[in-house]
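Trainee: Sequence:
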Amino acid sequence: MLKNVLAKLLFAMLPCICLANNPGDSLLRQWQHAKIKAGYSSDTANITLLNALSYNYIYNNTDSSLYFANLAFQIAKHTKSIVGQANALINIGSANYVKGDYFVSLQVTSQLMNISQKINYNTGIANVYQLRGLIFLAQDNLPDAIIEITKALKFYTLLNNKGKMARMYFNLGLSNDELKQSSKAFKYLDKAIEIGKSISDEHIISMANNRKGETYFHIKEYRQALAYYNRVLASGYQDNWEKGFALSGIAQTYYALGNYNDAVTNASKSVDIALKMNSLWDAVRALKILTQSYAAQANYKQAYSSSMLMNRYSDSLLNDTKQKKINYLQLSQQRSDNLRLQKENEIHKQKMDFNRLLIAGIGLLTICISIFAVVISRSNIHKTALNKKLERRNKSIDLQKEEISRQNEKLDQLIHTKNQLFSVISHDLRSPFSSVLQTMDLIRSGELTKDEQELVLERFHEQLVSVTGMVNNLLLWANSQQDGLKSKAVEIDIAEIVEEILPVYRHMAANKSISLTHQPEGKKTAFADMDHFKIIIQNLVGNAVKFTSGGGNVVISYTEDRNYRIISIKDDGIGIGTEKMQKLFKVVGKEISGYGTHKEVGAGIGLLLIKQFIEANKGKLDINSEPGKGTKVLVYLPIA
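Residues 165 to 804 in this note's numbering are what the sequence shown lists, from first letter to last.
There may be inaccurate statements among the hints.
Claimed, not checked - Straight-line alpha carbon distances no greater than 30 Å define the calculated DSSO-like cross-link-like pairs of lysine-lysine that follow:
id, residue 1, residue 2
1, Lys315, Lys241
2, Lys355, Lys407
3, Lys326, Lys351
4, Lys698, Lys676
5, Lys355, Lys344
6, Lys355, Lys318
7, Lys355, Lys326
8, Lys344, Lys318
9, Lys676, Lys547
10, Lys315, Lys244
11, Lys326, Lys315
12, Lys793, Lys747
13, Lys796, Lys784
14, Lys650, Lys734
15, Lys318, Lys351
16, Lys698, Lys793
17, Lys318, Lys282
18, Lys747, Lys796
19, Lys547, Lys559
20, Lys698, Lys734
21, Lys775, Lys744
22, Lys775, Lys676
23, Lys315, Lys348
24, Lys465, Lys407
25, Lys351, Lys384
26, Lys552, Lys565
27, Lys650, Lys744
28, Lys547, Lys515
29, Lys351, Lys361
Everything labelled a hint here was simulated from the structure, so no lab data went into it.
Given the sequences, and given the hints that come with them, work out the whole structure.
Mentor: Have a look at this one:
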């Protein structure tokens, strides 16, 4: 597909008019002198003069070109000059193409083809194929465009029209460039330049240099691209069409190189030229580059203005209604071609009559073979349908087996976890309760002094706190396995909640001579379920105190990044061994649980619960630990 629609307008259409090389001012004076003479409308010489004037203005003033071409057509029609009408239609179609009005241009080609075929006017036929090729390019139909352009090249070669041959090679070069066939593109463009030099056609040379610059731009060889665009601007031959395209090419290259100031300068010049010659495609191309360059400079006001202007001109181009009419005209032309072929076939009709009986026999045989083929085909279709049905059932069975296997694995994991938890309950819960019963017996016996009773009650309280935490974790784990975790995240002040929780753990830390420090440093908000967050902090702070020896430190602090509020709980306790680190979040129970520095017990599911709660609140958990040096836990929660 074409990436830059304006690139398609670089195809120049050089009508075969003998006076085309005359200076415009001289032609205009000749016409002004001729139109005041008697018999102006009956003099066929004026047809040639007006067609020459029309061509002279095609690239610089399309409205003037159309004006003179229509005058030429009227005089040619009045004088019944078919060739004059054809040449005028060539100019009308070409000018409308340059102007960007493809619909009118295609209408003209249909009329031109009908006239040219009647008088076997190869120049007119060649121009029809050329214009159709260009319009196919405008519709992003490159394969059909190449076919039409190749037909045109064949006719121009027969006519030995080197100017047109050069342009067809140029067209093929452009088409291959847009198809990303850069090597072919350069070959055709070099051929166009070679022919252009042989006939001193500076216009086609400028066109080919512009297109070579565009091709180098497409393959990102930007310095080469600038060299060819500047070659066009430095040439002694200048016209608004090629100059405007070269300037927009330089602009897009500077934009690609990040030189936005030069991009704006050159794009602005290109816009002015395009609007001056009323070329919508060139205007849209240059305005697009200008808009992008202003945006890159952060000059959004100018970028917006350029964008609005670009959209206005874009909307003025070929719309959906015209596209339908184009399709209709193409169909009409195809029908016209078919009618011509039918007339040619009628000449051979008599020669084909003797084959009718043979054809009838072949037809009968074909019917029999077709019936047999249908029977075989239906049988194969039925077999295929049965095979597909069987295949679907087999796939369904395989999927069911896979699902059952996954459920069995999950069930095995749950059973294993359950067994581990029962082992924990039977061992680690029984010991604290036995200790409590023994303590109660001692108190009841009255053998303890008051100080001893207070010490025993303190230890009794510690045992109950530990057991309560363990039981709570077990209940939370059981609920999560049964109902699944559901988070009701709201905006909470995590520092305030931590401060509410800490008194219990400060008491525990004080009993172990551990320094428990909280560094809130102001309000810290995050999105999380409040109950989940409390459980997370209780477990993490409890673990830090549990596994820190007397005289140690536990520090709670806060940081943040772009997306998360980060709670850091750092201790200088006994740390976690490498083997245990590898099992974190994978197993529960005795395999992961351990005794604290004061022989505190746990269920071995606290970290698993923490991870599940954090993930349910769209957070992350990071644990760094080294045996003998302590542990640092980072909890990431979404910033409110």
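Trainee: Of all the hints given earlier, name the ones this structure violates by number, lowest first.
Mentor: 9 and 28
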